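J.: 0 is the number of the first residue of the sequence shown in numbering that gives the first Met the number 0; add one for each residue after it.
Hint data in this document are derived by calculation from the structure and do not stem from the laboratory.
On a predicted model such as this, the values are computed, not experimentally measured, just so you know.
Just so you know, not all the hints are guaranteed correct.
Stated by the list, open to error - Heads up, simulated DMTMM-like pairs for lysine to aspartate or glutamate below, C-alpha to C-alpha not over 20 Å straight-line:
1. K45 with D99
2. K33 with D88
3. K140 with D161
4. K89 with D74
5. K45 with D88
6. K89 with D75
7. K58 with D118
8. K45 with E104
9. K45 with E96
10. K98 with D88
11. K58 with E92
12. K33 with D161
13. K58 with D74
14. K58 with E96
15. K140 with E162
16. K98 with D118
17. K100 with D77
18. K89 with D99
19. K33 with E162
20. K45 with E84
As the list claims (entries may be wrong) - Using C-beta positions, here's what the derived DEER-type ranges look like:
21. G47 with K140: 25 to 33 Å
22. E96 with T166: 36 to 44 Å
23. K89 with D118: 24 to 32 Å
24. N153 with G57: 37 to 45 Å
25. R173 with K45: 28 to 36 Å
26. T107 with E59: 18 to 26 Å
27. V145 with Y87: 21 to 29 Å
28. G41 with S136: 28 to 36 Å
29. G47 with K146: 25 to 33 Å
Heads up, the beta-carbon is just placed ideally off N, CA and C, and yes, glycines get one too.
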Amino acid sequence: MLSPDRNVLLSGSTDDCVGERNSMNEILMTRRRKIVRFTCHGVPTKPGTAGMLFTALGKESINILHMFNTEHGSDDGDISFSVAEGYYDKTSEVLNEMKDKIGIESITVQHNLAILSFDLEETICETVVGTMTLALSALAKEHIDVKHIAASRNRVFAVLSDEEADTASYTLSRVLKEDPIIHPI
């Protein structure tokens with residue numbers, strides 16, 4: 000049985016990939032719910048800063064689900080990362096301890112988020128652009144607010160509100176032209 004906060008939702012096909020058309024391509028979508036995102040603003044761009052932060056979180060056995068780091072040239076940047084809701088208190092404690100050590104200007108928190116992840120490793124896609132464009136267009140048509148999106152060669156992550164996760168999953172299942180198929184993790 001799958002836990003209510005983590006489900007694998009979709010096995011679908013798409014022909015929006017670069018390569019052979021009308022070929023079955025498996026796209027596996029996972030959904031992780033009840034996520035809290037912390038954003039550390041004004042983080043100094045000194046080498047090792049992110050390492051110090053994530054080492055401190057790791058020492059407390061805090062599992063990071065998704066992270067990204069932005070720098071703006073020589074200006075201070077932001078570090079954002081997501082954890083399961085159950086790690087909120089422990090993560091807050093670590094951040095309060097590390098804030099002055101690292102030189103973080105401020106920290107914001109967003110509760111009740113979900114992460115949808117598309118694993119495209121089993122596809123013939125040479126890039127994720129087609130699938131990402133298809134997904135974002137479908138979510139926009141349904142007025143679903145995507146708060147963050149990240150992509151690599153074989154994976155796309157979208158962060159959105161937890162209350163919109165079911166609608167987003169249904170929408171993406173429909174757009175990718177397959178009924179949802181539940182897979183055990």
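J.: For every hint, state whether the structure bears it out.
T.: Verification of the hints:
1. For the proposed pair K45 and D99, the alpha carbon gap of about 14 Å is at most 20 Å, so the pair holds.
2. With a CA separation close to 14 Å, the supplied pair K33 and D88 stays within the 20 Å bound.
3. Proximity of K140 to D161 is assessed by CA-CA distance (about 18 Å); at most 20 Å being required, the pair is judged to hold.
4. In summary, the hint linking K89 to D74 is not supported, as the alpha carbons are separated by about 29 Å, beyond the 20 Å threshold.
5. A threshold of 20 Å between alpha carbons decides the hint, and for K45 with D88 the separation of about 27 Å lies outside it, so the pair is violated.
6. Among the hinted pairs, K89 with D75 is inconsistent with the structure: their alpha-carbon atoms are about 26 Å apart, more than 20 Å.
7. With a C-alpha separation of about 29 Å, the suggested pairing of K58 with D118 is violated against the 20 Å cut-off.
8. Restraint check for K45 and E104: satisfied, since their Cα atoms lie roughly 14 Å apart, inside the 20 Å limit.
9. Straight-line distance between C-alpha atoms of K45 and E96 comes to about 19 Å, which keeps the hinted pair within the 20 Å bound.
10. Only pairs whose Cα atoms come within 20 Å are accepted, and K98 paired with D88 is accepted, the gap being roughly 15 Å.
11. At roughly 12 Å between alpha-carbon atoms, K58 and E92 fall within 20 Å of each other, so this suggested pair holds.
12. Among the hinted pairs, K33 with D161 is consistent with the structure: their alpha-carbon atoms are about 7 Å apart, no more than 20 Å.
13. Restraint check for K58 and D74: not satisfied, since their Cα atoms lie roughly 29 Å apart, outside the 20 Å limit.
14. A C-alpha spacing of about 13 Å is found between K58 and E96, which places the hinted pair at or below 20 Å, so the restraint holds.
15. Distance hint between K140 and E162 is fulfilled; the C-alpha atoms sit about 17 Å from each other, no more than 20 Å.
16. Of the pairs offered as hints, the one joining K98 and D118 is violated, with about 34 Å between alpha carbons and a cut-off of 20 Å exceeded.
17. Distance check on the hinted pair: K100 and D77 sit about 16 Å apart at the alpha-carbon level, within 20 Å; holds.
18. Among the hinted pairs, K89 with D99 is consistent with the structure: their alpha-carbon atoms are about 17 Å apart, no more than 20 Å.
19. For the proposed pair K33 and E162, the alpha carbon gap of about 10 Å is at most 20 Å, so the pair holds.
20. The suggested pairing of K45 with E84 is violated, with an alpha-carbon distance near 30 Å, which exceeds 20 Å.
21. About 43 Å separates the C-beta atoms of G47 and K140, a value inconsistent with the hinted range of 25 to 33 Å.
22. Roughly 38 Å separates the CB atoms of E96 and T166, a value that falls within the hinted 36 to 44 Å.
23. Range check, K89 to D118: about 29 Å between beta-carbon atoms, so the 24 to 32 Å window is met.
24. N153 and G57 have their C-beta atoms about 25 Å apart, which leaves the hinted 37 to 45 Å range violated.
25. As the Cβ distance of R173 to K45 is approximately 47 Å, the hint placing it in 28 to 36 Å is violated.
26. Checked against the given bound of 18 to 26 Å, the beta carbons of T107 and E59, roughly 20 Å apart, stay inside it.
27. Take V145 and Y87: their Cβ atoms lie about 23 Å apart, and the range 21 to 29 Å holds.
28. The given range of 28 to 36 Å is respected by G41 and S136, whose C-beta atoms sit roughly 34 Å from each other.
29. The given range of 25 to 33 Å is respected by G47 and K146, whose C-beta atoms sit roughly 28 Å from each other.
The structure does not agree with the numbered hints 4, 5, 6, 7, 13, 16, 20, 21, 24 and 25 stated previously, though it agrees with the rest.
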